[in-house]
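Participant: Each chain, written out:
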Amino acid sequence: MGAPSSSTKAFKQGFLRSFLLSLRSCRNGAMGLQERKRAVRSSADIAMATTRGSGAMWPQALLAAASSSSSLPWPRRLPAAATVKTTTRRKNMARRRCLQRRTTTSSGEIARRLVRKRTKVLRGMVPGGELLDGASLLREAMDYVVHLRAQVAVLRRVSNAMQHRPSSHHMTVAVAPPVPLKTETTGKAQASDGNQE
Amino acid sequence: MRHPSPPPELPAAGGEIQAMAPASAAGSSSTGGSTGGSFTALLGLPTSQAIELLLPGAAPAPAPAFPSDPHLVDRAARFSAFASPSPSPTPPPPASAGKRKADPASKGKVAKKGKTTAAGGEEKDSGEDEKPAYVHVRARRGQATDSHSLAERARREKINARMELLKELVPGCSKVSGTALVLEEIINHVQSLQRQVEYLSMRLAAVNPRVDFGGLDNLLGTECGRITGLNCKSGMDLEQVSWPDMGVHGARNLAQLQQQFWHGDLAHPQQAASPWEKRGDVQPPVFSNTSSSLFGYDLASSASRGPRPLSLSLPR
Chain A
0 MGAPSSSTKA
10 FKQGFLRSFL
20 LSLRSCRNGA
30 MGLQERKRAV
40 RSSADIAMAT
50 TRGSGAMWPQ
60 ALLAAASSSS
70 SLPWPRRLPA
80 AATVKTTTRR
90 KNMARRRCLQ
100 RRTTTSSGEI
110 ARRLVRKRTK
120 VLRGMVPGGE
130 LLDGASLLRE
140 AMDYVVHLRA
150 QVAVLRRVSN
160 AMQHRPSSHH
170 MTVAVAPPVP
180 LKTETTGKAQ
190 ASDGNQE
Chain B
0 MRHPSPPPEL
10 PAAGGEIQAM
20 APASAAGSSS
30 TGGSTGGSFT
40 ALLGLPTSQA
50 IELLLPGAAP
60 APAPAFPSDP
70 HLVDRAARFS
80 AFASPSPSPT
90 PPPPASAGKR
100 KADPASKGKV
110 AKKGKTTAAG
120 GEEKDSGEDE
130 KPAYVHVRAR
140 RGQATDSHSL
150 AERARREKIN
160 ARMELLKELV
170 PGCSKVSGTA
180 LVLEEIINHV
190 QSLQRQVEYL
200 SMRLAAVNPR
210 VDFGGLDNLL
220 GTECGRITGL
230 NCKSGMDLEQ
240 VSWPDMGVHG
250 ARNLAQLQQQ
260 FWHGDLAHPQ
270 QAASPWEKRG
280 DVQPPVFSNT
290 SSSLFGYDLA
300 SSASRGPRPL
310 SLSLPR
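Listed in order, the protein sequences are those of chains A and B. For the first sequence, position 51 matches number 50 in numbering that gives the first Met the number 0, and the numbering has no gaps at all. For the second sequence, position 45 matches number 44 in numbering that gives the first Met the number 0, and the numbering has no gaps at all.
Errors might be hidden in some of the hints.
What the simulated footprint calls covered on chain A by chain B, stretch by stretch (three residues with Cβ under 8 Å from a Cβ of chain B suffice, anywhere in the stretch; the number is not a length) [claimed, not checked]:
no.: 1; segment: 86 to 95
no.: 2; segment: 120 to 126
no.: 3; segment: 147 to 157
It is worth saying that the hints were derived from the structure and are not from the lab. Backbone N, C-alpha and C fix where the C-beta goes; we use that ideal spot for every residue, glycine too.
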């Protein structure tokens with residue numbers, strides 16, 4: 000992985016701006032923790048999508064998913080990916096099996112099945128992925144991963160900065176040192192910040 | 000785009016060789032290792048270059064958009080046997096418009112790097128086509144040459160090329176071989192990133208009610224102003240900085256905030272030096288394509304006016 004490039008820095012700055020703006024604008028006095036978290040999360044997503052611009056497909060999907068009123072033309076289908084399956088895979092395979100007499104599954108078939116299953120999962124994870132075909136999906140996933148990483152980095156810095164703030168409140172938060180990527184997922188549950196409530 | 004003028008379509012590739020030599024010298028030299036012959040452009044490149052091409056970092060444009068998009072579209076157009084929805088000034092000759100017809104005569108017509116296939120289709124696809132419009136896919140020896148399998152093969156190679164790039168991107172994928180496993184790693188990575196976002200937003204939400212958000216203006220100010228390392232004298236810079244309307248809580252507060260912000264950054268093991276410190280650019284980042292942003296105003300011109308008249312309501 001290379002070091003963050005200049006355009007990534009630009010994206011980070013733009014994202015930071017949008018994110019802080021939207022945070023400032025939301026009235027978080029009257030919300031519970033879950034609502035606030037949802038507000039933060041959606042403002043982060045929207046900031047990421049708007050900063051990304053129109054170079055990819057996923058920002059539109061993200062914005063449409065985040066906002067209740069879809070001002071954008073959504074949903075729309077790409078002409079390349081608008082495939083209507085008349086028969087399902089099972090029917091096809093059953094048909095083939097009837098014709099073929101041998102029903103041993105080769106390793107290639109297993110691999111293909113796995114790939115298909117995982118592509119479907121990936122489609123669900125990348126916003127706007129349902130409309131894309133294989134190659135575009137991979138490209139969107141690449142783009143999405145890059146910007147997601149930038150978003151995580153900015154969010155982490157902001158949250159660290161917020162915790163370091165000099166304030167009169169007794170902040171009992173032990174600022175967790177930035178953990179490597181994989182172990183952060185388990186750290187999600189230990190939101191010691193919740194003790195402040 | 001790389002080709003402002005329509006490239007000539009001479010079968011004699013004399014001029015093409017020179018045109019292609021600087022672009023693909025690196026690519027062609029490492030052709031031996033690449034599996035897909037027609038992807039020397041992407042696969043043959045060293046990893047960092049390939050990533051640079053795809054990641055929005057290589058282009059000189061300051062926009063945070065995907066500036067290498069035209070490059071990517073360019074290469075994608077080359078890889079696919081389906082030609083030219085891409086803007087090509089060259090009207091493709093009728094023989095090779097769209098899919099490549101698999102007859103030896105037309106195969107011999109297109110000579111990449113001076114090699115002709117008139118003698119026979121022995122060589123692998125080493126053709127890197129500099130023409131953005133369509134791709135001349137030469138069939139390998141012993142492989143089917145009808146249009147369907149050509150299209151299939153081109154599509155598969157396109158997907159394989161992108162899988163290679165994804166493998167570079169996702170950590171821990173380079174040793175894994177096979178599409179299914181790589182996809183699984185990618186899925187895990189995306190899931191972990193999304194969970195991290197959830198976790199961090201939970202942290203932020205928990206800190207929120209105690210924190211005066213006006214103080215965040217200082218953060219923004221330090222971002223937009225001159226970021227010269229951990230230099231903390233930017234209290235006076237705030238006046239010249241792009242958010243003059245925001246409440247300035249005092250130079251001391253600002254200095255403290257800035258220090259903590261950057262110190263928190265230095266504690267990162269993964270980002271040894273803050274990449275934002277190295278930014279000698281004073282300009283606020285250019286926001287392109289955000290004119291249709293959800294916030295209803297142009298972020299790019301917010302440098303001149305303050306955000307006061309803005310009333311943002313978080314979409315529910």
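Participant: Each hint should be assessed against the structure and marked as holding or not.
Facilitator: Status of the hints after comparison with the structure:
no., hint, result
1, 86 to 95, "violated (count 0)"
2, 120 to 126, "holds (count 4)"
3, 147 to 157, "holds (count 9)"
When the structure is compared with the earlier hints, a violation turns up for hint 1 alone.
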